[in-house]
Amino acid sequence: MDLENQKRVKEFADEYGPENLVVVLGAAEGEAAGLAAETVTAGDPTFAGPLTGVQLGLQVYHVCEPEMKEEFDEAVYDEQISMMEMVLDVDDIISEMTAIREQYCKF
Amino acid sequence: MNSVIKGASYILVHTPDMVLYNGTTQTTERIVNPESEYLKEVPEKLRSYEEAVSYWPNQTYIGNVHPEELAEVEFPWYDKKMEGADRYGKFGEIMPEEEFLLLVQASDMFEVVRLEKGFVAAHKEALAKDPVITEEILERVHEGVELSEIEQFVNEEHAEGLYFDGKLVGCVKAAHDIDQNLSAHVMHENLMSKASSVLALLYAVRNAGIKKEDVEYVIDCAEEACGDMNQRGGGNFAKAAAEVAGLVNATGSDARGFCAAPTHAVIEAAALVKSGAYKTVVVTSGGCTAKLGMNGKDHVKKGLPILEDCLGGFAVVITENDGVSPEIDLDMLGRHTVGTGSAPQAVIGSLVADPLDRAGMKIPDIDKYSPEMQNPDITKPAGAGDVPLANYKMIGALAVKRGELDRKELADFTKKHGLTGWAPTQGHIPSGVPYIGVAREDILEGKIKNAMIIGKGSLFLGRMTNLFDGVSFVIHGNTADQEKKESGVSEEEVKGLIAKAMKEFAAALLAE
Amino acid sequence: MAILENKKVIVIGDRDGIPGPAIAECVKTAGGEVVFASTECFV
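Protein chains in written order, with my numbering: chain A, 19 to 125; chain B, 36 to 547; chain C, 127 to 169.
In short, the hints are calculated from the structure, not lab data. Just to be clear, a hint being listed does not mean it is correct.
As the list claims (entries may be wrong) - Derived BS3-like pairs (lysine-lysine); straight-line CA-CA distance at most 27 Å: (1) LYS154(C) / LYS87(A); (2) LYS336(B) / LYS80(B); (3) LYS154(C) / LYS25(A); (4) LYS87(A) / LYS134(C); (5) LYS309(B) / LYS115(B); (6) LYS25(A) / LYS133(C); (7) LYS152(B) / LYS309(B); (8) LYS28(A) / LYS80(B); (9) LYS336(B) / LYS25(A); (10) LYS164(B) / LYS246(B); (11) LYS246(B) / LYS125(B); (12) LYS436(B) / LYS154(C); (13) LYS133(C) / LYS124(A); (14) LYS152(B) / LYS115(B); (15) LYS309(B) / LYS247(B); (16) LYS124(A) / LYS134(C); (17) LYS159(B) / LYS336(B); (18) LYS25(A) / LYS134(C); (19) LYS116(B) / LYS450(B); (20) LYS87(A) / LYS443(B); (21) LYS28(A) / LYS154(C); (22) LYS451(B) / LYS87(A); (23) LYS28(A) / LYS134(C); (24) LYS124(A) / LYS154(C); (25) LYS28(A) / LYS133(C); (26) LYS87(A) / LYS133(C); (27) LYS436(B) / LYS451(B); (28) LYS535(B) / LYS482(B).
For reference, chain A alone in the conformation it holds in the complex:
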């Protein structure tokens, strides 16, 4: 994850408390989604950013996961996102995200 974005995530966790935060991702691939999710839960796996060694354990989802879709207004989702379901490997994204949440999510 971009270093500046890591910094912001850390600042928001300090400001609002990690239990009050949810991170929503839009990554193009399961692997990239998993890496970003790992960054905001277990710490930056590339050891480059401010979240290195910081285990925030935040709640994190990919926008195409069923848990998210369920909460969105259907018409807005259809207009903004739905076409990408034909483009992305949603199953792969779900399995990567689920694995990271089960392992590292604290909330």
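Guided by the hints, dock chains B and C onto chain A, whose structure is given.
Positioned in the frame of chain A, the structure of chains B and C alone reads:
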């Protein structure tokens, strides 16, 4: 009449040493993690010049391999070697780092580049053999200085080192003591962009079969900015590169817009020519040192060599309609507007569907789409996926939504109307334009009838707007003959009409 | 229990996946407060 694509050039410069010293992934790592394993591994993971030359996507970029041929090569490509690969291709070449450093020095007008004497002597002859390098350029290559002088600049005056084979062979000095916009770092970045643009210009003029004197205007569409503290993006790379390339009758300007800039620039050039403002305009761009090794960490982690080891450049020559070359159709432009929004379907809709709607065409009516042609060998291991394929899926999905394509035909659509990516991840370089040279030839040969070039840009990276951007245009076969037939009445027809009128007049007189 | 309702939401979009602003539009409809939305670019 529409202006035409008279020719195009595509060049690469293999710069492994700059991966380590100038790529931002590596320079950032040096700041945050100076002792990292990754930094130690980088030199071992860099490819040799021969390896970079025999890399299938690179051979595709310079025109020795057709994209369709590349698609037949088993993926991944980093571990396959193309037999009989050549430094030179019909669109350009892959220049080795040592010769390029001499070209960089020749492109420097303010003596900020210093090269070591022995290094210059060892490689000047090789540069002289390059078919596009002129006497005038060679005359600008200085004899060089002692290594101690270079060491002093690097160690005491913050000059950026120039390395070859891991050894210090030169430097780029700061052009000002205080002004950060003229710092050694910025001068280095800008000179590399300029020199690779010079190389692209030289090939473009050759490939288009025009004279250097014919070029009236040059548009540079790179992603760098040159200027000083009072005008940070003052410019003008275009004219600066045109000077070195010997385009004596040209002026020019810079167009910027992140990765969308090349497509913006080609549309602007086509419009300038069609309007009659200029007869010949060249769109050009050099490469970007910052992006070297951008995804290097992922490549190394997965046991790949560092594949982002080349600077890319390209140039497209646009002239008045010659009655033969493919045209840029200015009646069919796509544009992502302020109001379009960022939803992927809205973005693709504005760039692909809207212009086709205006022309009464459907998405499958375009033979080939060229969106972002990044080489998937580079992006897939980095978790960014196959970018061109994702674009084709989006275009296909939109066609399905519009009822122009059956959902079952989606997979086939991406093959039939798509291409496998081959361009280096140099930001603006892979965006739409890599296909222009191939499309020109394929249209001339009748293999395809049209192609849509799509440029997209991440404006939000500049922190001035959250907006995305993009524009598109369509290239098709030459219609000059057809247009003449439709618009004008031939001389014979005119004679026939007069004769008929005379007869009728005579008949009328007789009748009275 | 709702995941997003009354939560502070950080959106990290992807230029080649789904951009930040498109995600933010959806999150708002679920009662989440978007405190930060950005889009990453790997190419």
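Verification of the hints:
1. LYS154(C) / LYS87(A): 12 Å, holds
2. LYS336(B) / LYS80(B): The given pair, whose Cα atoms are some 11 Å apart, holds under the 27 Å limit.
3. LYS154(C) / LYS25(A): 23 Å, holds
4. LYS87(A) / LYS134(C): The hint holds at about 18 Å.
5. LYS309(B) / LYS115(B): 45 Å, violated
6. LYS25(A) / LYS133(C): 19 Å, holds
7. LYS152(B) / LYS309(B): Violated, because 49 Å separates the two Cα atoms, which is more than 27 Å.
8. LYS28(A) / LYS80(B): 33 Å, violated
9. LYS336(B) / LYS25(A): 24 Å, holds
10. LYS164(B) / LYS246(B): Satisfied, since the Cα-Cα distance of roughly 21 Å is no more than 27 Å.
11. LYS246(B) / LYS125(B): It holds: about 18 Å lies between the C-alpha atoms, which stays within 27 Å.
12. LYS436(B) / LYS154(C): Holds, at about 26 Å.
13. LYS133(C) / LYS124(A): Given that 27 Å is the threshold and the Cα spacing comes to 15 Å, the pair holds.
14. LYS152(B) / LYS115(B): 38 Å, violated
15. LYS309(B) / LYS247(B): 20 Å, holds
16. LYS124(A) / LYS134(C): This hinted pair holds, its Cα atoms lying about 16 Å apart.
17. LYS159(B) / LYS336(B): 38 Å, violated
18. LYS25(A) / LYS134(C): 16 Å, holds
19. LYS116(B) / LYS450(B): 24 Å, holds
20. LYS87(A) / LYS443(B): OK: LYS87(A) and LYS443(B) at ~25 Å, within 27 Å.
21. LYS28(A) / LYS154(C): Given that 27 Å is the threshold and the Cα spacing comes to 22 Å, the pair holds.
22. LYS451(B) / LYS87(A): Answer violated: LYS451(B) to LYS87(A) is near 33 Å, above 27 Å.
23. LYS28(A) / LYS134(C): 13 Å, holds
24. LYS124(A) / LYS154(C): With Cα atoms ~24 Å apart, LYS124(A) and LYS154(C) stay inside 27 Å; holds.
25. LYS28(A) / LYS133(C): Measuring from Cα to Cα gives roughly 16 Å; hence the hint holds.
26. LYS87(A) / LYS133(C): It holds: about 16 Å lies between the C-alpha atoms, which stays within 27 Å.
27. LYS436(B) / LYS451(B): Distance of about 19 Å is within 27 Å: holds.
28. LYS535(B) / LYS482(B): 45 Å, violated
Going through the hint list in order, the structure does not satisfy hints 5, 7, 8, 14, 17, 22 and 28.
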